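Engineer: Chain by chain, the residues:
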Amino acid sequence: MVGKAAGNWRFKDKVLNDLVEVVTLNINSVSYSRAVSSLMTLSHFIREECDLTGTKIGCDRGECGCCSVLVDGKPILACLVLAKFVQDAEITTIEGISVDGQLTPIQESMVENGAIQCGFCTPSMVLNATHLLNTHKAPSKNQIKKCVSGTICRCTGYTKIEKAIEKVVEGRE
Amino acid sequence: MNTIGSRTIMKGSLEKVTGAAKYTDDIKVKNPLYIKLLRSPHAFAKIVSINLDRVIALEGVKCVVTGADFKNTFGVLPISKDEPALARDVVRYVGEPVVAVAAETIGLAKRALDLIDIKYIEKRAHLNPSHSLRKSEDRIHPELPNRENNLHKHVEQSFGDLENGFENSDTIVSSEFTFPSVTHAFTEPHCTVVEISGDKELKIYSATQVPHYVHRAVSEVLEVPMHKVRVIKPYLGGGFGGKSDPFPHEMVAAKVALLTGRNTKITFSREEVFFSHHGRHPSKIKMKLGVSKDDGLKSLEGNILIDGGAYGSFGVVTSYYNGVLLQGPYNLPNFSFNCDRVYTNKPMCGAMRGHGGVNPRFAMEVLLDEACTNLGVDPCEFRLGHFLKPYSLTPNEFRITSVSVNSGLKKAMAKSKWSEKYGKLPFGKGIGVGCGFFISGSNLPIHWNQMPQSSVRLTIDFDGGVTLYSGASDIGQGSDTMLAMMASEVLGLPMDMIKVVSADTRLCPIDLGSYSSRVTFMAGNAARNAAIRVRKILAKAAYEMLELKAPKEKDANVDIDFFKQGQNPPKYDSPYLGANPKIDDGLTFSDQKISEAQAGESVDYIDVVRRALDFGGALNVQGVYSSPKLGGTFKGAGAGLSPAYSMSVFISEVDVNPSTGAVKVEKVTCFHDCGVALNPLAVEGQLEGSIHMGLGQALMERIEHTEGAVQNASFLNYKIPSAFEMPEIELIYDGEAEVEGPFGAKEVGEGALAPFIPSIANAVYDAVGVRVRQLPMSADVILSALREKEGKK
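Sequence lines, in order, name chains A and B.
Per this note's numbering: the first sequence ends with 248, consecutive numbering throughout.
Per this note's numbering: the second sequence ends with 805, consecutive numbering throughout.
Since the hints were derived computationally from the structure, they do not count as laboratory data.
All figures in this text were calculated on a predicted structure; none of them were measured in a lab.
The hints are all genuine.
In silico DSS-like cross-links for lysine-lysine, where the CA-CA straight-line distance does not exceed 25 Å:
{"hint": "1", "chain 1": "B", "residue 1": "Lys676", "chain 2": "A", "residue 2": "Lys220"}
{"hint": "2", "chain 1": "B", "residue 1": "Lys679", "chain 2": "A", "residue 2": "Lys238"}
{"hint": "3", "chain 1": "B", "residue 1": "Lys427", "chain 2": "B", "residue 2": "Lys441"}
{"hint": "4", "chain 1": "A", "residue 1": "Lys221", "chain 2": "B", "residue 2": "Lys676"}
{"hint": "5", "chain 1": "B", "residue 1": "Lys147", "chain 2": "B", "residue 2": "Lys296"}
{"hint": "6", "chain 1": "B", "residue 1": "Lys58", "chain 2": "B", "residue 2": "Lys147"}
{"hint": "7", "chain 1": "B", "residue 1": "Lys429", "chain 2": "B", "residue 2": "Lys679"}
{"hint": "8", "chain 1": "B", "residue 1": "Lys240", "chain 2": "B", "residue 2": "Lys42"}
{"hint": "9", "chain 1": "A", "residue 1": "Lys221", "chain 2": "A", "residue 2": "Lys242"}
{"hint": "10", "chain 1": "B", "residue 1": "Lys731", "chain 2": "A", "residue 2": "Lys221"}
{"hint": "11", "chain 1": "B", "residue 1": "Lys594", "chain 2": "B", "residue 2": "Lys641"}
{"hint": "12", "chain 1": "B", "residue 1": "Lys594", "chain 2": "B", "residue 2": "Lys552"}
{"hint": "13", "chain 1": "A", "residue 1": "Lys149", "chain 2": "A", "residue 2": "Lys238"}
{"hint": "14", "chain 1": "A", "residue 1": "Lys220", "chain 2": "B", "residue 2": "Lys731"}
{"hint": "15", "chain 1": "B", "residue 1": "Lys679", "chain 2": "A", "residue 2": "Lys242"}
{"hint": "16", "chain 1": "B", "residue 1": "Lys423", "chain 2": "B", "residue 2": "Lys676"}
{"hint": "17", "chain 1": "B", "residue 1": "Lys122", "chain 2": "A", "residue 2": "Lys159"}
{"hint": "18", "chain 1": "B", "residue 1": "Lys427", "chain 2": "A", "residue 2": "Lys216"}
{"hint": "19", "chain 1": "B", "residue 1": "Lys423", "chain 2": "B", "residue 2": "Lys441"}
{"hint": "20", "chain 1": "B", "residue 1": "Lys40", "chain 2": "B", "residue 2": "Lys240"}
{"hint": "21", "chain 1": "B", "residue 1": "Lys647", "chain 2": "B", "residue 2": "Lys300"}
{"hint": "22", "chain 1": "B", "residue 1": "Lys676", "chain 2": "A", "residue 2": "Lys216"}
{"hint": "23", "chain 1": "B", "residue 1": "Lys731", "chain 2": "A", "residue 2": "Lys216"}
{"hint": "24", "chain 1": "B", "residue 1": "Lys215", "chain 2": "B", "residue 2": "Lys40"}
{"hint": "25", "chain 1": "B", "residue 1": "Lys427", "chain 2": "A", "residue 2": "Lys238"}
{"hint": "26", "chain 1": "B", "residue 1": "Lys436", "chain 2": "B", "residue 2": "Lys422"}
{"hint": "27", "chain 1": "A", "residue 1": "Lys221", "chain 2": "B", "residue 2": "Lys679"}
{"hint": "28", "chain 1": "B", "residue 1": "Lys441", "chain 2": "A", "residue 2": "Lys216"}
{"hint": "29", "chain 1": "A", "residue 1": "Lys220", "chain 2": "B", "residue 2": "Lys679"}
{"hint": "30", "chain 1": "A", "residue 1": "Lys238", "chain 2": "B", "residue 2": "Lys676"}
{"hint": "31", "chain 1": "B", "residue 1": "Lys679", "chain 2": "A", "residue 2": "Lys216"}
{"hint": "32", "chain 1": "B", "residue 1": "Lys240", "chain 2": "B", "residue 2": "Lys215"}
{"hint": "33", "chain 1": "A", "residue 1": "Lys238", "chain 2": "B", "residue 2": "Lys731"}
Could you build the full structure based on these sequences and the hints that come with them?
Structural biologist: Okay, here's the thing in structure tokens:
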């Protein structure tokens, strides 16, 4: 039997089994309108419908933190939010963080300070740190720990990630 | 050039920090079939029938495979290929894959699983490892000959005169220790994507540490020639040993691609990652240690039982490592151990950071601390002077080369202010020490052969850029960076002129993979040798351009006479292209210039490259590393052999709350002898990561089983340390250069984990006076130990 085109199948699957809605999301200042299952989570929308694969799925149930994205500037777990519920928001993924291809200070600091090993938690760490640095001029050590503790990193022991954030803060003074 | 020793930014960081890095699940292939696995709900059961009628009838399901579709079983070790791609006739653990469904969408594949009707007859499961040693009529692996029980492997070794050692000891301590199962908990779930070409060639992208072994296993299980299979490891989200076996889902994804001619994809849920496990073996260790006040450690005896789970994996190696890695870092003249690895109906155990050496190390270091208490000596002072001598042989004929642990312990004592604190802190505060010993790569290949353990190809074309091709897998530890640093240092080029193509079995020469802390030592040496070979070509061209006479070339094979300082030199007759050949061409390669000091003249690197290219075209060389012939002739002599050993010291400071039993590790001072730290940024990263993982095993991590089923298959219930639990860390890594390591380096990825855990236990004793003989040292364990101690008073 010859396989049918993937697009058809995906649509058929949706029609057969879920309610389909047109969901329009504003991600990294680009508008994406897609007919998707009304139960599709934001993380799957971002990865599958927009092909923005920097958002990682480590558990798909709100435990590892790797799928964090910024919704109106605030970090949320994209696996715990239905895509259709954030249609009015401005969503920023890791791909939308750097401006004109230039690394932001926290991205640069993470690269320079060895805060990246396997890199699977890195997008989430960058987004969470971005929010912290945007909202706090001089975050305390405890606030920095809190910021990184929302995402599981099994490689670094968190020390170099904390240091990368501290260095950005130091650079401001 | 000064690349070596500088804090070098990791290759790939830029891709990772911008989200551009493609991990296996991020790779898009055209129109793939999505695969889901139906897993066993039983720990041990006979499969009576599998009815697939309803699932095959479902529109959109393209292919369903069962155990009957695979003739050959597999396993990472040739001696225990006992795992089927899908269960055949019998299921051996809860979560074992039984049927695979490939459908047009993930949703369809998931729903299709509900339509499969399997009839099982449940059998009495073997769950307790001790019971697995009893005679059984219904064994887990009845195919194993000459067995009446569920023993997988029994190993034993004995050296010296154990009884004599105990007789000459001033104190003998013995105890029983128990360790639960812990798992790697990497963040990226297993994933495999297969792209099939018109002529049925398989391109397998997989989240694996060992593309080479996956290559072999797929070829064998699917009965397709190796040249029809290409395995690629894209960016990898952590391994720690958990991705160092070939896996059933890799076989299934490849099989479905072959059967249907379609591309395939399979990604695990987090729950499935826990079911697949391959983590550290739970163990029961009985150990007895005899110590003399003046002579140090006299005799050590270990009886070890490790719970292997349902299949072999690395288990035979684990069994040996449970004993042999205790041969360092101390002098230990009399030594005996036996280890039984048994099968049980639980997810299989395999290699995990510190492979096999972690639990026995805990037992030994805790007993040594107890012996020091009995003798009334300071456990740090006592250890000084009783470490292995450099360039010596251990009783089981490990060749010991560089040793820096004695001075390292002194440094750690000074930094931690040990002498001011030990035995002097208030109740509830304590300080403790532990030391460790680990291999820099296994000296023997898993598949016995005479091939080099690592080959690296190096090419330079007219643009002057260098490309290294290596089979080594960068799994986040930074091996690509390390390889590039080798070439950068030898050729005097900036890092961005050196590109690394790695972990692709079609493009790269063979490397066995990222496990047993072998990559820096073995692939690093191979890369360095490749760079030296190409440098010879460039040096010749440079001398021609400078119109100077080149000095007479010396033999590249460096003498390994350092060993002759040992007492009992084994025979060396292996003319391997020398580890660490010296660079003595009379030239300096630096900042893209090649200069000759005496004449004071120099030429540009790029001009030399073009000159060298004039007649032969692009430069292509290969460097290899073969480990030297080492070791004795007794049974199991190859286990634990390594060209070099790392050693480490941990001094931990804890706060124990006597009313809750909660342990907080406040500060840790670590000395790790990795020889020359090639890239301090990466060295620190590995040590901090080891501390994180060790802390988890010490205080909180534990896989819970009920009737063989994993009960805490999620990050919510399998707790690993967060940033708040991490202690203050002081790192010292200034060991002396290792004669055979690339630019003097030894391993750093694994060895530091093991000694950290007992240093915490010993600090707990210093703090509140209770000896902990089980892990994790959770609050309830400490509290009941404290209450027991109170009761005794």
